[in-house]
Amino acid sequence: MLIIKREYLTRVKKKSFIIMTFLGPLLMAGLMLVPIWLAIKDKDIQRIEVIDETGTFINQFEDTSELQFKHEFRSIQDAKAKLFDEVYTSILHIQGEPNAPEVTMYYKKQPGFSTVNNIENTIEDVIRNIEFQQKFNITKEQIAAIDPNISVKPISINSEGKEESKNIAISTALGFGGAILIYFFIFMFGVQVMRGVIEEKTSRIVEIIISSVKPFQLMMGKIIGIALVGLTQFLLWAVLTGIIYTIIMSAFSLNDVQVEPSQAQQLMQSANPNLAMENPFQDVIDGFKTLPLVQIFVSFIFYFIAGYLLYGALLAAVGSAVDSEADTQQFMLPITIPLIFSFVVAQTVMENPDGTMAFWLSMVPLTSPVIMMVRIPFGGVETWELLLSMTILVLGFLGATWVAGRIYRTGILMYGKKVSYKELWKWLFYKG
Amino acid sequence: MDLLHVKRVYKNYADHVALHNVSLHVKQQSIFGLLGPNGAGKTTLIRIINQITGPDKGEIMFEKEKLAPKHIAQIGYLPEERGLYKKMKVGEQALYLAQLKGMNKGEATYKLKQWFEKFEIDSWWNKKIEELSKGMAQKVQFITTVLHEPKLLILDEPFSGFDPINTNLIKKEILELRDNGATIIFSTHNMESVEEICDDIALINKSKKILEGKVTEIKEAYKSNVFEIVFMGNMIAFSNALWTAFELLDTKNVNGRMHVKVRANKPSDMNQLIKTIVNDVQIISVNEITPSMNDIFIQKVQEVMPETLEEIEEEGRYE
Numbered sequence: 002m003l004i005i006k007r008e009y010l011t012r013v014k015k016k017s018f019i020i021m022t023f024l025g026p027l028l029m030a031g032l033m034l035v036p037i038w039l040a041i042k043d044k045d046i047q048r049i050e051v052i053d054e055t056g057t058f059i060n061q062f063e064d065t066s067e068l069q070f071k072h073e074f075r076s077i078q079d080a081k082a083k084l085f086d087e088v089y090t091s092i093l094h095i096q097g098e099p100n101a102p103e104v105t106m107y108y109k110k111q112p113g114f115s116t117v118n119n120i121e122n123t124i125e126d127v128i129r130n131i132e133f134q135q136k137f138n139i140t141k142e143q144i145a146a147i148d149p150n151i152s153v154k155p156i157s158i159n160s161e162g163k164e165e166s167k168n169i170a171i172s173t174a175l176g177f178g179g180a181i182l183i184y185f186f187i188f189m190f191g192v193q194v195m196r197g198v199i200e201e202k203t204s205r206i207v208e209i210i211i212s213s214v215k216p217f218q219l220m221m222g223k224i225i226g227i228a229l230v231g232l233t234q235f236l237l238w239a240v241l242t243g244i245i246y247t248i249i250m251s252a253f254s255l256n257d258v259q260v261e262p263s264q265a266q267q268l269m270q271s272a273n274p275n276l277a278m279e280n281p282f283q284d285v286i287d288g289f290k291t292l293p294l295v296q297i298f299v300s301f302i303f304y305f306i307a308g309y310l311l312y313g314a315l316l317a318a319v320g321s322a323v324d325s326e327a328d329t330q331q332f333m334l335p336i337t338i339p340l341i342f343s344f345v346v347a348q349t350v351m352e353n354p355d356g357t358m359a360f361w362l363s364m365v366p367l368t369s370p371v372i373m374m375v376r377i378p379f380g381g382v383e384t385w386e387l388l389l390s391m392t393i394l395v396l397g398f399l400g401a402t403w404v405a406g407r408i409y410r411t412g413i414l415m416y417g418k419k420v421s422y423k424e425l426w427k428w429l430f431y432k433g
Numbered sequence: 145m146d147l148l149h150v151k152r153v154y155k156n157y158a159d160h161v162a163l164h165n166v167s168l169h170v171k172q173q174s175i176f177g178l179l180g181p182n183g184a185g186k187t188t189l190i191r192i193i194n195q196i197t198g199p200d201k202g203e204i205m206f207e208k209e210k211l212a213p214k215h216i217a218q219i220g221y222l223p224e225e226r227g228l229y230k231k232m233k234v235g236e237q238a239l240y241l242a243q244l245k246g247m248n249k250g251e252a253t254y255k256l257k258q259w260f261e262k263f264e265i266d267s268w269w270n271k272k273i274e275e276l277s278k279g280m281a282q283k284v285q286f287i288t289t290v291l292h293e294p295k296l297l298i299l300d301e302p303f304s305g306f307d308p309i310n311t312n313l314i315k316k317e318i319l320e321l322r323d324n325g326a327t328i329i330f331s332t333h334n335m336e337s338v339e340e341i342c343d344d345i346a347l348i349n350k351s352k353k354i355l356e357g358k359v360t361e362i363k364e365a366y367k368s369n370v371f372e373i374v375f376m377g378n379m380i381a382f383s384n385a386l387w388t389a390f391e392l393l394d395t396k397n398v399n400g401r402m403h404v405k406v407r408a409n410k411p412s413d414m415n416q417l418i419k420t421i422v423n424d425v426q427i428i429s430v431n432e433i434t435p436s437m438n439d440i441f442i443q444k445v446q447e448v449m450p451e452t453l454e455e456i457e458e459e460g461r462y463e
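Chains as they are written, first to last, in my numbering: chain A, 2 to 433; chain X, 145 to 463.
Do not rely on the hints blindly, as some may be mistaken.
Stated by the list, open to error - The following label-pair restraints were derived from C-beta to C-beta distances: (1) Leu-396(A) x Pro-213(X): 35 to 41 Å; (2) Asn-270(X) x Leu-399(A): 49 to 55 Å; (3) Gly-246(X) x Leu-396(A): 45 to 51 Å; (4) Leu-396(A) x Glu-225(X): 36 to 42 Å; (5) Tyr-157(X) x Met-189(A): 46 to 52 Å; (6) Ile-341(X) x Leu-399(A): 47 to 53 Å.
Calculated directly from the structure, the hints in this document are not laboratory data. Just so you know, even glycine gets a beta-carbon here, dropped at the ideal spot from N, CA and C.
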């Protein structure tokens with residue numbers, strides 16, 4: 002208990018902890034808000050001068066929020082010469098056959114990929130419209146009128162015939178978010194455990210402490226103490242991020258959304274045309290309602306803690322086996338690989354949340370914390386799978402602690418010796 | 145009465161034998177010197193007594209009971225490799241270590257304050273260890289070792305890192321602790337340093353105990369019966385006086401004074417020597433040349449396991 006307290010207090014009192022605690026939410030809020038702010042702020046409109054030698058495209062280009070077209074009737078040389086004196090950002094030069102024109106763009110500021118793409122699409126649309134008009138006598142308006150707008154609503158049916166609709170996008174976001182959090186938590190605080198052990202070992206205080214308490218108690222005290230630090234930080238982050246986010250969002254909604262509703266509308270439309278007809282927020286809220294939120298929350302906390310404990314114990318063992326942080330690499334690698342691997346395959350698992358790979362990876366204790374979190378929001382995880390995975394994780398954690406305890410006990414008093422895996426294996430079977 | 149009785153302890157590590165059939169008796173309220181060259185097994189034995197590691201065979205009795213985790217609070221240990229949390233404040237750290245030994249916070253704070261005053265270091269309370277010099281940190285560490293008033297105090301190379309003034313301070317403290325009832329095990333490879341404060345010693349070499357006993361008795365047993373006499377007078381008269389009982393070893397004339405070394409052929413005391421020569425020469429001084437603990441150690445190793453002597457000398461005893 003005392004050890005837990007010390008580990009906790011010394012870390013919480015550290016300047017870096019306090020700074021990170023307050024900076025973290027600012028960074029996170031920043032990450033969320035900067036794109037929004039940029040989107041609103043970014044009025045970088047491309048003014049494109051169109052010089053159309055085919056004569057087909059006159060007045061066919063429609064202005065969008067980012068692109069403004071203006072037809073000029075002058076020679077391309079003239080336009081190029083005057084480009085730097087005028088407001089245009091680029092010249093679009095169209096020549097050749099009307100149905101297969103040769104298009105060149107002269108610019109003073111590199112247009113983004115999306116701008117070029119946008120222009121290409123516009124020209125293609127215009128040609129298509131003209132072709133329709135000429136060959137089939139169908140007008141632009143007629144085509145627009147039959148433009149279908151469909152969004153598929155996925156509904157799952159379980160064995161009892163209960164139907165549930167799910168919002169895939171939200172599941173993905175939630176699953177990925179949870180996985181990222183667990184991944185970072187394990188990494189950040191697992192490595193702190195390792196550092197703590199190395200610090201005790203190099204400062205040689207460890208011999209005094211284990212003449213008072215059992216090495217195992219010291220190790221567990223350290224792991225739990227740091228876990229509490231992590232949870233504290235995490236909670237503070239969640240609360241502070243929430244506060245900052247609400248403050249800024251309310252400020253935004255007062256200033257921007259009300260003053261310029263049309264622009265906000267426009268933004269949403271351009272961002273997600275499919276949702277334009279409905280209220281996108283309502284959709285998100287509906288999506289949340291269909292998710293097994295309680296299940297997600299409970300299993301998040303569980304995997305969060307159990308996953309950390311598993312990796313924490315292993316990293317503590319690594320810390321005890323080496324003399325300095327520089328030597329940790331060879332032992333760190335096999336431990337971190339499953340973690341990084343699970344993070345990398347999370348993407349694939351998301352594509353097929355109930356596939357074989359997803360199933361096995363969510364059973365293996367080293368990968369299950371991340372993978373299970375990805376799978377759960379999709380809802381396909383059966384209760385027995387979840388329980389089995391949790392049981393295996395707990396067993397894995399107990400096993401890892403046992404192994405780590407044995408390595409720790411021997412390793413912590415070994416100095417000046419490069420340790421090999423073979424030796425670690427021998428340590429496992431030393432008598433107390 | 146024995147405070148600690150080590151009974152036939154064996155300990156093997158994967159590739160070497162650390163302790164082979166080692167038995168010790170540590171008397172209550174005494175200072176026990178555990179001597180031996182580096183790598184002899186001292187630290188292993190100390191770790192076993194501290195229950196950091198267990199013996200493969202044999203047992204240890206603490207006040208007639210088998211050594212058990214409950215005894216930890218009655219043992220204070222100052223390891224050879226010192227260390228404290230560098231980033232922690234002196235006071236907090238000492239309190240933490242005291243609490244780990246089972247003291248409550250109030251008691252620990254009170255006693256710490258007393259010790260800090262005694263060592264005149266009260267101003268360090270809120271300093272971090274990394275701000276202190278090595279010697280200063282050692283003092284703090286010594287205090288944390290003795291703070292919980294252990295019945296048994298184990299000090300592994302306690303004087304390394306101390307300057308002569310602090311060495312004397314610590315020596316004084318150790319003797320005072322003994323007089324107040326503590327038993328002290330004192331481990332070192334520097335054999336000279338402990339002769340003056342140890343009551344009993346044990347010599348360990350190559351994982352085996354080769355000698356154990358009272359310092360005075362051991363010295364008595366190993367004394368060489370060699371005396372150095374400084375006198376003024378006739379050398380021939382001198383040699384005539386002692387020719388039957390003593391053997392003349394060495395003669396030097398230093399500024400008209402004769403420095404002579406003689407060995408008694410039978411165990412004899414200084415009085416007898418003085419009696420034999422007092423009528424013939426003017427005695428300035430008579431000294432018995434007693435063997436140092438180092439000499440005794442080497443002599444004993446030579447008797448018991450001569451094959452290891454060379455190694456010990458190579459490794460250097462005077463580090």
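Cross-check of the supplied hints:
Taken as a hint, the range 35 to 41 Å is violated for the pair Leu-396(A) and Pro-213(X), whose Cβ atoms sit roughly 28 Å apart. Against the hinted window of 49 to 55 Å, the Cβ-Cβ separation of Asn-270(X) and Leu-399(A) comes to about 42 Å, which falls outside the hint. For the hinted restraint 45 to 51 Å between Gly-246(X) and Leu-396(A), the CB-CB distance of approximately 34 Å leaves it violated. At about 37 Å, the beta-carbon gap between Leu-396(A) and Glu-225(X) stays in the expected band of 36 to 42 Å.
A C-beta distance of roughly 37 Å is found between Tyr-157(X) and Met-189(A), which places it outside the suggested range of 46 to 52 Å. A hinted range of 47 to 53 Å holds for the C-beta pair Ile-341(X) and Leu-399(A), which are about 50 Å apart.
Checked against the numbered hints above, the structure violates hints 1, 2, 3 and 5; every other hint is satisfied.
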